[in-house]
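Trainee: Please construct the entire structure, taking both the sequences and the accompanying hints into account.
Residue numbering for the sequence shown follows the numbering used here, starting at 1 and increasing by one per position.
Please note: incorrect hints may appear among the correct ones.
Computed list of lysine to aspartate or glutamate pairs in EDC-like fashion (alpha-carbon distance at most 20 Å, straight line) [claimed, not checked]:
#: 1; residue 1: K350; residue 2: D360
#: 2; residue 1: K370; residue 2: D360
#: 3; residue 1: K350; residue 2: E295
#: 4; residue 1: K200; residue 2: E272
#: 5; residue 1: K350; residue 2: E333
#: 6; residue 1: K200; residue 2: D275
Listed next, with one range per pair, are the computed distances between beta-carbon atoms [what the hints assert, rightly or not]:
#: 7; residue 1: D19; residue 2: G172; range: 42 to 48 Å
#: 8; residue 1: T126; residue 2: E216; range: 38 to 44 Å
#: 9; residue 1: E333; residue 2: V17; range: 20 to 26 Å
#: 10; residue 1: N124; residue 2: T336; range: 45 to 51 Å
Note that these hints are calculated values from the structure, not bench results. What you are looking at is a predicted structure, and each value in this text was computed from that prediction instead of being measured. Glycine is no exception: its CB is placed at the ideal position from the N, C-alpha and C atoms.
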Amino acid sequence: MGIDFRASMQPSGELEVRDVTIGFVPITCSSPLINAAAMGIFGQYGLNVTLQRYTGWGELWIAYVAGELDATQMLIPMPLGIHHQFAAGQRDSRLPYITNINGQAITLGSQHMGRVHSAEDFRNLTIAVPFDYSGHNLLLRDYLALGGLDPDYDVGIQVMRPSDMVASLNVGDIDGFLAPDPFNQRAVALGAGYLHMLSKDLWDGHPCCSFTVADEFATAYPNTYTTLLRAIGDSAVWTDQADHRAMAAETMAGRAFLSQDPEVIAAVLTGEFDDGQGTHHSVDDRIAFRPYPHETYAIWSLTQLQRWDLAPREGYHSAADYQSAVREVLDPEAATPILQALGANTTQRKTETIIGRTFDPADPLPWTEKQVNS
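Mentor: The structure is reproduced here in structure tokens:
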């Protein structure tokens, strides 16, 4: 399916390099990267981009840390973990863009329909998440803890590649998953499960994935870095428009990208979907593409990594410590002029509403406490 797209801007000066390798995982969160490749946007900006596909976040993490990728799609906690070396491997990184907000769901096996109504009902269930360093894991844990469960003891949280989740659900190896689309909608289409809730029901406007660039690449090739952001920004703004969503689904469905039924992808992107419980929904921001890298996103992620022992607490005594840590990674200075030129919102979010509570980045320390009700 051909789409006549015209770049909104020009390359940023003389490109130091044109060949760029970018990693991605085939989920709808990667839409801005996929569409930039599929619609020839990278090429219009003079870039020769290779999209390197990975089926899981662990292998992508390893490849990025090893220097095999210049840039990559990443779950937002991942560049924080890699830059600050919270886990294996370190590489200085910049996060200029959020590739998507919302776009996830909790899907449960059909046998649980009518039995699971709230977090308390998850006791003794096995729930898959795509990675430890993921918003999926952190949001699920917060949801369960607020329901009085200890996520480390009362629920089996299992890391699994997104592409394996539907099959595992279908054969009963897991009871459900909190995962990216299109796999939630695919489970519904196959009759393997139903949507318990969208992730936006927990935190409307939450971040999922980011576009992360190796610091040495951005430093050595500043014009290429800026041009990459222009191309991806152009793609994100185009993809976010409602009248482009169905076209994007067709473009992204091919084997080189998502390799999924375009009708399943369209249900996610357009927000016109069935939940597997007999109800049709119209949710135009089931997933959205608003790239500005808000500090609230990263500070909350850091507090939750600490809360669940995925990041150290030492050296974090005040809001300024959290702000300093995330500012080493976030790069709004590179993103802002591009997004403003495209008419996208660049106003910094001051607070977030997460499962009915207000997260204020000026007071992050209480959010590092486990708060599990015995």
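Trainee: The structure should be examined with respect to each hint, and the outcome stated for every one.
Mentor: Outcome of the hint check:
1. K350 - D360: holds, 7 Å
2. K370 - D360: holds, 17 Å
3. K350 - E295: Satisfied, since the Cα-Cα distance of roughly 9 Å is no more than 20 Å.
4. K200 - E272: holds, 15 Å
5. K350 - E333: It holds: about 18 Å lies between the C-alpha atoms, which stays within 20 Å.
6. K200 - D275: holds, 15 Å
7. D19 - G172: 42 to 48 Å: For D19 and G172 the Cβ distance comes to about 46 Å; the hint holds.
8. T126 - E216: 38 to 44 Å: holds, 41 Å
9. E333 - V17: 20 to 26 Å: holds, 22 Å
10. N124 - T336: 45 to 51 Å: Given range 45 to 51 Å: holds, Cβ gap about 47 Å.
Violated hints: none; the structure is consistent with every hint.
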